Structure formats: C-alpha cells, structure tokens
Amino acid sequence: MSSFTEAVVLQVGISVLLALGYWIAVSTGKYSFGHTAFMAIGAYTASILTLNFSWPLPLAMLASGAAAAVAGALIGWMALRLSMLYLAIITFIFSQLVNLLISQWEYVGGASGMIGMTGTTVPLVLGCVLIVVAYLVLLSRSRLGLAYKAIREDERAATASGLRITRIAVGAFATSAAVTGVAGALSAHQLMVINPELFGPRQALLIILYCVLGGVEYFWGAALGAVALSLLPIYFDWLNEWYEIVYGLLFVALMIVRPQGLIGRRGGGRIRLPRIPAGRERESVG
Amino acid sequence: MAEPLLRVSAVTKHFQGVEALGEVDLDVAEGTVHGVVGPNGAGKTTLLNVVSGYVPPDAGRVELAGRDVTRLTPQRRVPLGIVRTFQNIRLFGGLTVLENVLLGQHGRASTGTRSLWPLRSGADRRLRAEAEQALDVFELAPYRGRRAAELPYGLQKQLEMARALAARPKVLLLDEPAAGMTAEGRRALVPRIRELRDEGLTVVVVEHDMDVISNICDHVTVLNFGRRLTGGPPGPVLASNEVRTAYLGT
Amino acid sequence: MLAQQLFNGLLLGATFCLVALGFNLVVGAMDRLNFALGETAMVSAVLGALIMTETPVPFPVAFAAATAIGGGVAVAVYYLSFRFVSADFPTASILSSLGCGLVLTAVVTKAFGSHQRSVPDVLSGVRLDLGVLTVSGAQLVILLLATLLTAGLYLFLERTPWGTAIRAVSDDATMAGLLGVPVQRVILLTFALSGVLAGAAGLLTGLAYHSISPFDGFTTTLTALMIIVLGGLGSVTGGVVAALVIGLIQTLTVAYLSATLRDLIVFILVGIVLLVRPQGLFGRNAGVLERV
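For the record, the sequence lines run as chains A, B and C.
Residue numbers for the first sequence follow full-length UniProt numbering, beginning at 1 and rising by one.
Residue numbers for the second sequence follow full-length UniProt numbering, beginning at 1 and rising by one.
Residue numbers for the third sequence follow full-length UniProt numbering, beginning at 1 and rising by one.
Chain A on its own, in the form it takes in the complex (with noise of 0.2 Å):
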C-alpha cells in the first residue's frame, strides 16, 4: 500500500468512528454540540500515556475511551435531565471548557499542543471501525437498540413503557463518547501534532455533519456520511481553501431538503398531533 494510500484509508477510518460514535448518542435522538470534547480528552489522554509513560498504543486507547466515557457520563447525566436546548448549550460550553482546560495546562504543551505520537497503523484502524461496527450491527438487533429508538421516538410512550430514560441516554451519551475518544486517540497519533485549535467547532461541526449528511436512522447512512466527507477534501484541493464555506452552505441546503439525512425516511414517522412547543406540554386536566 502506498503511504498516500494509507495516509487515507487512516484518515478516513478515522473519520468513519468519528461518526459511528456520534450516531451511538444520536440513535437515542439527543444531538451533541462538543463531541470534539471527548475526541480532545481521548487524544490527550492517549497521548500523554504514549509520550510520557510509554504506554503501547492500544493500551492508551482504552484509557482514553475510559475517560471520555466518564466525561460523558457526567455531562449526559448534568444535561440529559433537561430539554434539547439545554442539552445543546451544555454540550457545546463543555467542549469550550476542555479547549479552554487543555490550552492553558502546561503539562500539555498549552496553546502550542503535544508533538511526536506515532503509531497508527492501518490494521489498528479497521480493526476499531470493525469492533465499532460489529457492536453497532448486535445493538440494533437488542432490546437495548430498540430502548434507544424508543427513547428518540417518543420521551412519553418510553416512560409509560417503563423505560429509564435518563439512565438509558446517558448510557448511551457514555458509550458515544468513549467511541469519540478512541478515535481522538487514534486521530493524534495519525497526526502526530495536536493542540487545542484541532478540537474546535470546526471539527464539532464536521462530526455532526458526518452523521446528518448520511441520515441518521442507519448508521452505516453515517459511516457512508464520514467516508464521502473525509474523501471529498482529498480529491479536491480547492475544497481546503474553501472548506467552511461549502460544509456550511452543504448543512444550510441539508437541512432544508432533507434534515433527515440523504439515506433514511422523511418526517420520522411520528404521529402528527399538532405542535406543542417543547417543555410547555400538559396533560389534560380532569
């Protein structure tokens, strides 16, 4: 394989957990705005094991998938109680506290970043896709896939049904999260720099574009998503000059046309009752 070759096959796989992990918390409906918080907690972590402790790559993954399933925990059980747009405003000042965090710790190289992490390889990234994958293929076949769908499909029926929400979410949210860390990890040490400017809402928002681009009822609509997106800039030059201006208007257009995504049904499905404005719904009285 030519390194061009596996300088993309890497990036995208990369690319393609990113998206895999982010649709884990979305399958359950809740949409993230600072998944870069845990790819940056998994990069770091990683990569302080690997440069400071000489840990093996591998080992340092799962550590970072520990600590960013952790920080995930914490954060989807602080915002998962709440409304959607609480749960998009606690997300995303979250990932502006860990850029914040990482940029001023010393320990880390502050705004400048960590140097020198090595070790990705080809194999060691297929074989995460393909764990991802295989866990993704099982959940969707499980009660707990199911409980997910539910839970994005309708909070009330859920409830009803018996299902723990809150604890069903942030399950998910962690899980989400310490895929998003792996893939930091990996990511950091394909990159081989890394400082705090890798994780903004650039990269926040090239995460969620993966997964909506591809639709999210399926994920492998995502990992389709990841794959296209993270080719595209490749292939075309002009597309790094011009990259926040296309992926934006791409996500304006997106969003009209088909909020669901290109792979996936229109409207979801639901029940069409008319539209009560989140949070101020009552049962009837009597």
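You may find that some hints are simply not true.
[Stated by the list, open to error] If we take Cβ atoms under 10 Å as the criterion, some of the chain B residues that face chain A in the derived model are:
1) Pro79
2) Phe92
3) Ala109
[To be verified] Residues from chain C that face chain A, not an exhaustive set, calculated with beta carbons under 8 Å:
4) Val85
5) Ala92
6) Ala106
7) Val229
8) Thr260
9) Phe267
10) Leu274
[Said to hold, decoys possible] Have a look at the derived ranges for each label pair, beta carbon to beta carbon:
11) C:Gly271 to B:Met210: 54 to 62 Å
12) C:Gly271 to B:Asp68: 32 to 40 Å
13) B:His14 to C:Gln184: 35 to 43 Å
14) B:Glu30 to A:Val257: 53 to 61 Å
15) C:Ala76 to A:Met1: 27 to 35 Å
Just so you know, these hints were derived from the structure itself, not from any lab.
All values derive from a computational prediction rather than experimental measurement.
Beta carbons are placed, not taken as given, at the ideal position from N, Cα and C, and that holds for glycine.
On the provided structure of chain A, position chains B and C as indicated by the hints.
Frame of chain A, contents of chains B and C only:
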C-alpha cells in the same frame, strides 16, 4: 373486604389554585374492573395521572398492595405493575407494531448491555414468542412489520392496550378506551376487558360511554368538581338522582 | 480602584446583555436557538469598524449601519436556517444556524483577512472624573447606547402592539395564531430585533476593547449561552441580571486574580448553577422535564 390492591387515600391536587382533586379516595379490589366516571373536568384524568405517577399529588397517598408508591416516577411504577394507556394514544409511531409490543415488555426483559449478546437467551425467546401471540390476540398480526403510525385509529388503540398488557401489569389504567372507536370497536372492547378481569387483572377505567361502563365495571366511583360524589355497583349508582343531577347539571 | 473595576464590569455586562436578549427573543418566539447570532454580531462589528475607519461618517451613522447590518444578517439567517427548516427536527435549525455562523466567519476572513481590526475611539476628548472612577467618552457612549437599547426593547415589548404580539407568540404560538396574530411576521420581527441587538453589541464590544477579530463571533455566542443558562432559558430579567453578573465576574477576575482564570471561573459558576438549579436563576420550569 380484603385489603384492596390499589388504594388511593385523600389525594388532593391543585393546578394554579384550581382544585382538580379534593381528598379523593379510591379502593380497588384485586381482580375487579373499577370505573371512574364524572362530567368533563371532574378530575378523572388527573386521578389517573396521580395513580400512574405523571402528576405528583399535593397531599394524600397512593398504595399498591400495601406499598406506598406516591413518590415514585411513572417509569418506576411500571415494573411494580401500574401501567396505563392514554386518552390520545402514545405509540412509538416510527417503530413497527411488533417493536411497540416488545417495548411494552421492557421491564420484564433483560435490556442492558447483556441483551447485545448475539445468541438470545431462552427467556428472551419466550418473551418474543409471547409478543407475537399478543399480536394474534389483538388482531394485529397482519401488521406486525408496519409502522405504528400507519395503522388506523382503532388498531392503534388496540396496539396501545397490547403494549400495556405486555408489561404484565397488576393494575391496568385505561384512559377512555372507547373514545373515538367505532360502534363495532366498542362492542369488541367489552368482552376483552371482561376476559382480562377473569384472568385476574385489575382494571381502572375512565370512560364517558355509560354503556361500556355499566357492562364492564364491578364498581364505579363518581367524581364531580374534583370530589368523590358517590360509589358502588354501576347499576344503582348510575341510576341515582345525585349522579344524574351532576351530569345534567340540573 | 474597586469602583472603577465594578463600573467596567457592569459596562461589559451591559454589552453581553444585548446579545443574550437577542438569543432569548428567538427562544421565546420559536423555542429554537440561533447559533449564528454571535457571528451576526461579529459581521456587524467588522463592517461597522470598516465604515468608521474608511469613511468620514460620524459614529452614530456607523452605529446605525452596524445595527441595520445585524438585523439584515439575522433575517437572512432566519430564512436560511429557520423559516424553511422542518419543525419536526428540533435540532435541524441549530445545526443549520451553526453552519451559517461558520460561513459568516469564513466569508469575513476571506473578504477582509483574519487579522484583528482596530476600532477607532469615539469622543476621545471626553473624560468624566467622578472621584472614585473615571469614565472615558467611549465608555459613556457604550453605557448610554446599551441602556437605551435595553430600555427601548423593554418598552417595545411591554407597551406596543407588536411587542404584545411577540409576547403572545412566546407564550403560546398556536393560540396566538388562532387569535389572529400574524405569527410568521412576528417571528421575523424577533429575528430582526435580535440581529439589531447583536449588531449593536458587536460594535459596542469592539469599542470597549478597541479591536475586533473575525473569530469573536464564536466567543460571543458562547458567552451569551452561558448567560442564558445562568439566567434561565427565555427569561428576560434573568438574562439581564446574569449578563451583568458575568460581566462583573470577568472584569474582577482579570483585575484581581489572573486573566487566564477569566473564563474558567464563569464556567465553574455555570456548572454549579446547572447542578443546583438547572432551570437557571430566574427560569421558569420549562427546561426541566418531569422525569429525573
């Protein structure tokens, strides 16, 4: 009389100063069908909401088989055996009919990470078979792979009841099961609820249709302006003058 | 010294307040967040600063132009990210407006460069000496305009028919529609108003710091969101109080502790509020679901 399975004592609830329920008592014996009737705004649905945990009462207690459940959230009451349906149907519209029933079994099945294991356990296979059976009973089998939102209204009501029963409730709370049903659907409802009672299920039903009420209930409680007006066997109670007055407002 | 810092903090808070009010207006009308509002402020500020440096027009004209630009951008964002985006997907508008924000920043950096741009001083000759504190001409302008806009918005919402319509839509859009309120036009109006507020805030903040960067939009959005969490989603009073509190905390931290702690302390405060009182200091219970 033996200790009631469900006991509601002196429940009071205000909504922004308006009394929706005032010291309402309700004793439901095991294996009976208990009707809650009353004019619009009498507090029937609020009572159901208090029993199922959607509305915390300002005062009073809800007990299931002697256990105080007043402070429990709805999703914690489901595994204990209090399951409900809704006046305006709450199904998982985008999920299939079968998936809806499987979700009804949530509290009885292994639903954690262990459910990911590729080989399904014997217990899970039995539950799945039971779900298929429930579809047969409720005449939903032909639609098992269809999305719930695509079903006609009557079948959606059936599905909601099938899903509620899949939880194996001790007490099933039905909020206007006959509302919006065709005459045929209403007629089918009566033997179905009787059958459930004969199998030992306890049912609390809020309903406007007096035919349905008098045909299925062993006992009715009449609410008016959030207060318990009277109660007893359906025949005499519904015929009594004070109930007629409350309904007709004369 | 302390009095001076308190004053500076309140001044900063007053500019924050404008953007937070803009966010809350949109939340009220649509139950949606416009994540491009920070970038809207940035665009207005950059263009406002350009007008001030490149043309001889006096400051009030430049300021009016900045607010008009802000209103225009917000209306454009409304059409792109809200008007035609299906309400069945509650996050679609957030995503879309984030996309708009990205585009706005990129367009400004492409057109005018990514460097910091200095904002010329106004009323540089004026200096009020009040003993314990001195107020520069620019500060006076900021204080005056921020107060005027906030008070003006309050009066508009409380005293005019359009204001009443906005409040009606915030309270219950369906009911307001049934009663004959032109809901779509009212929503458009709230977006325009939020853009005007953001535009004003952008230029006034630039004036306070004497500079503006195309990447400020993001920070502005972030600060506004923290104010909203602190004050309570959709609460106007909460927004004003929280904005002043955050302005004070930031200024006092920089003055007495360290500049690097500035944002961290606000983050911690927001975190504590979320844990203890998730609906915010002045929030209705709206954000909290009945489960826990």
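Q. How does the Cβ-Cβ distance of C:Ala76 and A:Met1 compare with 27 to 35 Å: does it lie in that range?
A. 47 Å, violated
Q | When the least beta-carbon distance from C:Ala106 to chain A is tested against 8 Å, hint result | A | 4 Å, holds
Q) Lying within 35 to 43 Å: is that true of the beta-carbon distance B:His14 to C:Gln184? A) 37 Å, holds
Q) Measuring from beta carbon to beta carbon, are C:Gly271 and B:Asp68 in 32 to 40 Å? A) Holds, at about 35 Å.
Q. Should the interface hint for C:Thr260 be scored as holding, given a Cβ-Cβ cut-off of 8 Å against chain A?
A. Cβ of C:Thr260 sits 5 Å from chain A, so the hint holds.
Q.
Can you verify the interface hint for C:Val85: is its Cβ closer than 8 Å to any Cβ in chain A?
A. 5 Å, holds
**Q.** Per-residue hint verdict: C:Phe267, partner chain A, C-beta under 8 Å
**A.** Holds - the Cβ of C:Phe267 comes within 8 Å of chain A, reaching about 5 Å at its closest.
**Q.** When the least beta-carbon distance from B:Ala109 to chain A is tested against 10 Å, hint result
**A.** 6 Å, holds
Q | Restraint outcome when C:Val229 is required to lie within 8 Å of chain A by C-beta distance | A | For C:Val229, the interface hint holds, since the closest Cβ of chain A sits about 6 Å away, which is under 8 Å.
Q.
Given a hint of 53 to 61 Å, does the C-beta separation of B:Glu30 and A:Val257 actually sit inside it?
A. 57 Å, holds
Q. Should the hint that B:Pro79 touches chain A count as held when the rule is a Cβ pair under 10 Å?
A. 6 Å, holds
Q | Interface hint outcome for C:Ala92 [beta carbon to chain A under 8 Å] | A | Holds. Min distance 4 Å.
Checked against the numbered hints above, the structure breaks only hint 15 and satisfies the rest.
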